[in-house]
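Participant: Same order as they appear, the protein sequences are chains A and B. So in the numbering used here, the last spot in the first sequence is 1017, and the numbers never skip. So in the numbering used here, the last spot in the second sequence is 1017, and the numbers never skip.
Accuracy of the hints is not assured; some may be wrong.
If several chains are the same, the list does not tell them apart, and a pair holds so long as it fits within one copy or across any two.
DSBU-like cross-link-like pairs, simulated, lysine-lysine; straight-line CA separation at most 35 angstroms [unchecked claim]: (1) 971 x 834; (2) 963 x 649; (3) 970 x 636; (4) 963 x 727; (5) 611 x 971; (6) 859 x 1010; (7) 905 x 527.
Read the hints as simulated data drawn from the structure, not as lab findings.
Number of protein chains: 2
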Amino acid sequence: MTTATPTKSSTTEYDELITLVRKASLLGSTAALVDWDQETMMPPRGVEHRSRQLAQLASIHHHLATDPRIGDLLDACESDQRLVGVATAPEAVNIREVRRRYERHKKLPAELVEELAKVSSLAHHVWAEARKASDFDRFRPWLEKIVELNRRKAECYGWSDDGEPWDALAEDYETGCTAADVQAVFTPLRKRLQDFLSDLMASSTRPSNTFNEITLPIEQQEKFVRDVSKHIGFDYSRGRLDRSTHPFCSGTHCHDVRLTTRFHEANVNDALGSTMHESGHGIYEQGLLAEHIGTPMGHAVSLGIHESQSRMWENQVGRSREFWVWCMPKVTEYFGDAVASLGLDDLYGGANIVKPDFIRVEADELTYNMHIMIRFEIERAIMRGDLAVRDIPGVWNRTYKEYLDLDVPDDRRGCLQDIHWSSGDIGYFPTYTLGNLYSAQFFEAALEAMPDLLEQFEKGEFGGLKKWLNENIHAHGRRYRAADLCRTVTGKPLTADPLLRHLERKLRPLYGL
Amino acid sequence: MTTATPTKSSTTEYDELITLVRKASLLGSTAALVDWDQETMMPPRGVEHRSRQLAQLASIHHHLATDPRIGDLLDACESDQRLVGVATAPEAVNIREVRRRYERHKKLPAELVEELAKVSSLAHHVWAEARKASDFDRFRPWLEKIVELNRRKAECYGWSDDGEPWDALAEDYETGCTAADVQAVFTPLRKRLQDFLSDLMASSTRPSNTFNEITLPIEQQEKFVRDVSKHIGFDYSRGRLDRSTHPFCSGTHCHDVRLTTRFHEANVNDALGSTMHESGHGIYEQGLLAEHIGTPMGHAVSLGIHESQSRMWENQVGRSREFWVWCMPKVTEYFGDAVASLGLDDLYGGANIVKPDFIRVEADELTYNMHIMIRFEIERAIMRGDLAVRDIPGVWNRTYKEYLDLDVPDDRRGCLQDIHWSSGDIGYFPTYTLGNLYSAQFFEAALEAMPDLLEQFEKGEFGGLKKWLNENIHAHGRRYRAADLCRTVTGKPLTADPLLRHLERKLRPLYGL
Chain A
505 MTTATPTKSS
515 TTEYDELITL
525 VRKASLLGST
535 AALVDWDQET
545 MMPPRGVEHR
555 SRQLAQLASI
565 HHHLATDPRI
575 GDLLDACESD
585 QRLVGVATAP
595 EAVNIREVRR
605 RYERHKKLPA
615 ELVEELAKVS
625 SLAHHVWAEA
635 RKASDFDRFR
645 PWLEKIVELN
655 RRKAECYGWS
665 DDGEPWDALA
675 EDYETGCTAA
685 DVQAVFTPLR
695 KRLQDFLSDL
705 MASSTRPSNT
715 FNEITLPIEQ
725 QEKFVRDVSK
735 HIGFDYSRGR
745 LDRSTHPFCS
755 GTHCHDVRLT
765 TRFHEANVND
775 ALGSTMHESG
785 HGIYEQGLLA
795 EHIGTPMGHA
805 VSLGIHESQS
815 RMWENQVGRS
825 REFWVWCMPK
835 VTEYFGDAVA
845 SLGLDDLYGG
855 ANIVKPDFIR
865 VEADELTYNM
875 HIMIRFEIER
885 AIMRGDLAVR
895 DIPGVWNRTY
905 KEYLDLDVPD
915 DRRGCLQDIH
925 WSSGDIGYFP
935 TYTLGNLYSA
945 QFFEAALEAM
955 PDLLEQFEKG
965 EFGGLKKWLN
975 ENIHAHGRRY
985 RAADLCRTVT
995 GKPLTADPLL
1005 RHLERKLRPL
1015 YGL
Chain B
505 MTTATPTKSS
515 TTEYDELITL
525 VRKASLLGST
535 AALVDWDQET
545 MMPPRGVEHR
555 SRQLAQLASI
565 HHHLATDPRI
575 GDLLDACESD
585 QRLVGVATAP
595 EAVNIREVRR
605 RYERHKKLPA
615 ELVEELAKVS
625 SLAHHVWAEA
635 RKASDFDRFR
645 PWLEKIVELN
655 RRKAECYGWS
665 DDGEPWDALA
675 EDYETGCTAA
685 DVQAVFTPLR
695 KRLQDFLSDL
705 MASSTRPSNT
715 FNEITLPIEQ
725 QEKFVRDVSK
735 HIGFDYSRGR
745 LDRSTHPFCS
755 GTHCHDVRLT
765 TRFHEANVND
775 ALGSTMHESG
785 HGIYEQGLLA
795 EHIGTPMGHA
805 VSLGIHESQS
815 RMWENQVGRS
825 REFWVWCMPK
835 VTEYFGDAVA
845 SLGLDDLYGG
855 ANIVKPDFIR
865 VEADELTYNM
875 HIMIRFEIER
885 AIMRGDLAVR
895 DIPGVWNRTY
905 KEYLDLDVPD
915 DRRGCLQDIH
925 WSSGDIGYFP
935 TYTLGNLYSA
945 QFFEAALEAM
955 PDLLEQFEKG
965 EFGGLKKWLN
975 ENIHAHGRRY
985 RAADLCRTVT
995 GKPLTADPLL
1005 RHLERKLRPL
1015 YGL
């Protein structure tokens, strides 16, 4: 790929702009840390005070991010051709993206920002308890409050004449992506995935599930997944790995990136998959350039692109036969006798079982996307006002029956399973499936650039892929929007074909088709 | 003790004042959390960015704490007798203490506050490396910078005509305490402790040291100390315990109190002592009243009083024979065969070995105070300008020879051992010995109020002491200054007699005197 030469010039106005932007971003990074602490470290009784801390930080951040001086400086910079003459130069990128965020921030009243931060922090804990008790009614009033606040937020942002409220929210996660865009991708994808799923389920051949049925001590699991994540390229001098109910990656800046994972004695593949997934996010964050910390050029493109990085390490790498060729001796090293009878087919097969089930985060590569489609349809309807919060469980369960032929037994394994809505994140879910699509398409491009890539994995060499991702995706920060990045890196717009090719090529042989 | 009835009245001005004070305090609690994270969780490469985060928080905090509106509101409140008529009523206490802090904050330029936060955060990491390498010269330029900034700080604060720069700094840790006050207590105390130490060292009888010579697995040690800290009253639903090089307690508010400890396989008493010590701090923080969070009435009195609480649980409780009567079965429960041959005398004796040694935080109850006196003399001389930073190692080593008859082998075990100066804390050390003195004096008062207290410990009943401390000390927040609290609780001003009585009563029999 080609990159425009950055303009060498910079101006006093531009320098002052970047100083102000970095100030807001620095405070944002503190809020991210405080949020991470809430998920991983905070004692149970700390929640009330924490919600006040987060609301205060959100309010100060909003104040810094809407400083009218930023608007004045943007005006000055935008009319300076030395700065904006080359659209992909760092200065031009920063000016464009700061303008976009500044205009959005300005549309939200400070009071709403503060309220959203406070309610989300509190609601999150009610959700965790409601989930434990499988009691939707306990969470319902909080979700209603969150929906109401998000509707106000959407109205502040506004949406285009042929658009809808959901678009206004999604813009924060996937710039330029509308509900109509998502629907246009999802409808045919669902059809093709459902047909393929039927074929697989009808087959009498199945991959070996033995590896998933062995209980392994959590202490050893932790050493194992740390070793793997380090080996594929996550840098522990610039990050850490902890435990949380819902695995996540919190990147406050490229020198302090925090992953979480979780462990079940009964299934090491869950911990491994989560860890490789979050490591992929982490490698992206660590791959952003330190010189651009606190500016759009040092920021990930979008959640969809972020997810493409996590999915690539989780799926394209971690569920490949070649990965397991390398990993098999490690499994033996960490788990000894308990896995002595297993062969490569058991490990590779165990990582590739397709089975419709209730829980999104435990889903296989194929059915995962159905979980996303269901959530997207529900949040879209909610935001349109076509669906009331109290009716979510009914719709949820009906759609699971229709798409995955499952009878949801309770809300814990149904509409209470995900953290997102409780954190105030509506419009976020589709980025997961977009990530799957981007991931497959990027990986085909990587394979084209490095035809021996899979053989490298067999030898435990993951540095080639990491370097390619660093150079082609991470180092650019927000230089390109997601769709442009896709075209720049792969030469084509995003399509579902690479993902379907990837799934078919791998799963057909495993299922004897 | 008697407590003045709080005035029921409150005014609009007072309410607004408290709102502003709470705002500044809320941000301060975030800074404390970010600081805790730096000590316990932050990956090594995060330090540069962290120093910027802390500097920004310090600057915003300074801005909030010096809001001129606070000054106006204080003026209004101070002239309202309904508020300030009864000096020990919550409103009067808050107004008095807010005024004191406001005047101090106002004296510091924002730029100095920010610079101090940034330099301390960076210097701290240089210190940690310099200590590891036992290389004072690596740390020297940073300490010089810290001393210079603290000298500027002292000049901003000012000191009385018969005072000195050290006084201006100590005021932040121990309100109203001057170098002359400290010297007046320390000089006779040193003489008495040195004489007593000579007697002990001359004796041919020694307590059993067997318990300290047994290697015990760290995993079990951790379970053991957690159990003990929970049992004595630290509430884990409102706090947590982690590991750090230098144990500390970070109380951001009474519902989120964080302790750290450390473990050495070779000595469980180090982990136990540290944990009981920090639990004592934690029990104090958790004993502050939730209704007063963010105001002086919800804040600990001073570091000396804070230390009295940690020392009481560490020494008066944790080094008593009665504690070990209760604890012995727990030792057996957690360490099994490894401790099977030990009796009560081994456990009680092992906790009470007196031996001059290099490291302050590992020192026994008696010699500990000598370590403090040496540090106090050095920092006092530094602040007066009588001693240059480069001459610290020489003076340190000479004084260790004079006071403790020790030849300091290297700076790691000498003047680089403590975190305080690297964190910018000059004027802090004497509060440790003041804490020892307060602790002994408070404990005598507790024994007078509950003559069967020690028998309660034998039965594992620590709730009586905790309740007494909650009611007589914790619940008052900053109602009294340290010296007044001491007189209110014990009926007498602070003297060294209770500490010496405590040490003599316990140690003479153990050393056959």
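Participant: Would you mind marking each hint as holding or not holding in the structure?
Facilitator: Hints and how they fare:
1. Proximity of residue 971 to residue 834 under the C-alpha cut-off of 35 angstroms is restricted to the intra-copy arrangement: shortest distance 24 angstroms within a copy versus 54 angstroms between copies.
2. Taking the closest pair of Cα atoms, residue 963 and residue 649 never come within 35 angstroms of each other, the shortest separation being 52 angstroms inside a single copy and 51 angstroms across copies.
3. Within a single copy, residue 970 and residue 636 get their C-alpha atoms only as close as 39 angstroms, which misses the 35 angstroms cut-off; across copies the closest is 34 angstroms, which meets it.
4. Taking identical chains as interchangeable, the C-alpha atoms of residue 963 and residue 727 lie at most 35 angstroms apart only when both belong to the same chain, with a minimum of 21 angstroms there against 41 angstroms between chains.
5. Taking identical chains as interchangeable, the C-alpha atoms of residue 611 and residue 971 are never at most 35 angstroms apart, the minima being 39 angstroms within one chain and 52 angstroms between chains.
6. In the homo-oligomer, the alpha carbons of residue 859 and residue 1010 lie at most 35 angstroms apart inside one protomer (15 angstroms), although the nearest pairing across protomers, at 69 angstroms, exceeds that limit.
7. Within a single copy, residue 905 and residue 527 get their C-alpha atoms no closer than 49 angstroms, and across copies no closer than 50 angstroms, so neither meets the 35 angstroms cut-off.
Of the numbered hints stated above, those contradicted by the structure are hints 2, 5 and 7, listed in ascending order.
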